[in-house]
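Protein chains in written order, with our numbering: chain A, 1 to 226; chain B, 227 to 450.
Check before you lean on any hint, since a few could be wrong.
Label-pair ranges, simulated between beta-carbon atoms [said to hold, decoys possible]:
{"#": "1", "chain 1": "A", "residue 1": "P213", "chain 2": "B", "residue 2": "T319", "range": "29 to 35 Å"}
{"#": "2", "chain 1": "B", "residue 1": "A445", "chain 2": "A", "residue 2": "R17", "range": "49 to 55 Å"}
{"#": "3", "chain 1": "A", "residue 1": "G131", "chain 2": "B", "residue 2": "R438", "range": "35 to 41 Å"}
{"#": "4", "chain 1": "A", "residue 1": "L52", "chain 2": "B", "residue 2": "E342", "range": "35 to 41 Å"}
Which bits of chain A does chain B cover? Going by a derived footprint, with three or more residues having C-beta under 8 Å, they are [unchecked claim]:
{"#": "5", "segment": "151–164"}
{"#": "6", "segment": "171–185"}
{"#": "7", "segment": "206–213"}
Taking beta-carbon pairs under 10 Å as the criterion, some of the chain B residues facing chain A (in silico) [stated by the list, open to error]:
{"#": "8", "residue": "E290"}
{"#": "9", "residue": "V291"}
{"#": "10", "residue": "L303"}
{"#": "11", "residue": "L422"}
It is worth saying that the hints were derived from the structure and are not from the lab.
Keep in mind it's a predicted model, so treat the numbers as computed, not measured.
From the three backbone atoms N, C-alpha and C, an ideal C-beta is built for every residue, glycine too.
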Amino acid sequence: MPEVPDWFRPVAEYMLREGLPETLRLAAIAVTASLVVGVLLGTLMTIKFRPLQWLIRLYIETWRGLPILVTVLFIYWLPDYSVGPFHIQLNAYMSAALALSLWGSAQVAEATRGAVQSIPKEQHEAAAALGFGWVGRHSFVIVPQALRRLLPPMVSLLVNIIQNTTIAFVIGVNEFLQSGNRQFENLTTQTGNGHPFTIFGFVLVVFFAISFPLTLLARYLERRLV
Amino acid sequence: MRILASFEWSFIWDNREQLWEGFKNTIKAAAIGIAGSFAIGLVLGAVRAHRIPVLSQIAVVYVEVIRNTPILVQIFLLYYGAPELGVHFETFTVAWLAITIWGGAFNTENFRAGFEAVPERLREAGYALGFTPLKTFLNVTLPIGGRIALPSSINTYISVLKNTSLMLVIGYPELTSVASNIQAITFRTFEMFAILAAAYLVIVWTLSALIRLLEARLALPEAL
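Working from the sequences, and respecting the hints, build out all of it.
Below, the structure is given as structure tokens:
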């Protein structure tokens, strides 16, 4: 066992207590919102109505095409404004969550469209024969089958979103990288040695320890389910 | 909409020189990053596909570490962490090096998949004609596998370009960081977002269209 230097313990404790939960919460919010909005938009896109398809296509290509940082900055820069009685004011945390959700929902929408279209048309016909309308057909027959095919890419999406939460660093959210950076700056001013390699190396190792098992899970699911 | 009514094109025009400089810096870092990730992907993709001992295992570790950690943390390690080990990088060096390392890892997987998709019997035919393993790779595996890998590798280049925006954190004056500085002084949010969106989306959408075109043009005959 290599010896852990004295300065490291409080630094790591702060990062794991303050930074890591913030990262995981941000990722959880973004993944949930991405799934809900993305599955809805992706399913709607299979309706053969051109203007609607174009509109969703524009949404997908815009939020997927922009660097996430640009979206984060744009939402963060937006001035406060009022819509009727609602006063809308986004703080850094909400801006980051919204930007990640826009990006994630675009990814999910595209994947869902493909998965829904890959369900054979006999399934639609059989459901229709049982008296289901469009909404019932999709909610109870088509989309549940598509979701199964979507599982592996969704685990990969989770990995991507967890990593992309670090972009919230730029607007000052105290996620894991930020918490490490604050400790690095504190140590530098207090002792003159910030130990950047150890601290950011620790950030790297923790992210790897979270992401790698999920990546393996995604690969396993892909082999099992397809 | 009060916000849109106050949108002023002249504001973008007045800052055109700064923004143009930023755009050129983005392209400069992205060009090196794309060329570098192409080279790494080609070499390590071949190493992985041919299961060359030791090198192949090193390539796996490199690919998994880079793909399973945030690129922003990798940038921090290069910019702030490396000096602790006695290695000092210029800002511009970190800008192109970080995206090269990152893109190289993703591209290794693209090329590996492409090379592995080339049927074994084609390589055997190369050997039967008296080609050395290297000649077989260059004349058989590379042209066919490279073609298969091209669309996914262009996707990686798109991401490499988009990741140049993260160099804002180390103060490399690329487009996003220039626009962000102008916004911080003037609060011209919509003008700055408009110019950023236009610049990135034009490039990304053009490259995406190119992928679709290539996929149709380069599709291999069914009988392969």
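Against the range 29 to 35 Å, how does the distance between the Cβ atoms of P213/A and T319/B compare: consistent or not? holds, 33 Å
Does the CB of E290/B sit less than 10 Å away from some CB of chain A? holds, 7 Å
Hint validation: L303/B versus chain A, beta carbon distance must be below 10 Å. Holds or violated? Constraint on L303/B satisfied, holds at 5 Å.
Under 8 Å between beta-carbons, do enough residues of the segment 171–185 of chain A, three at least, approach chain B for the coverage claim to hold? holds (count 3)
Given V291/B was flagged as interface, is its beta-carbon under 10 Å from a beta-carbon of chain A? Holds. Min distance 6 Å.
Grab the minimum C-beta distance from L422/B to chain A and call the hint holds if it beats 10 Å, violated otherwise. holds, 5 Å
Verdict for A445/B, R17/A (Cβ pair) under range 49 to 55 Å: Check passed, 54 Å falls within 49 to 55 Å.
Are there three or more residues in the segment 151–164 of chain A whose C-beta lies within less than 8 Å of some C-beta in chain B? holds (count 3)
Would you say the C-beta atoms of L52/A and E342/B sit inside 35 to 41 Å of each other? With a Cβ separation near 40 Å, L52/A and E342/B satisfy 35 to 41 Å, so the hint holds.
Can you take a look at whether the segment 206–213 of chain A is actually covered by chain B? Rule is 3+ residues, C-beta closer than 8 Å. holds (count 4)
Using the Cβ atoms, figure out if G131/A sits within 35 to 41 Å of R438/B. With Cβ atoms ~40 Å apart, the hint holds.
Violated hints are absent here; each numbered hint is respected by the structure.
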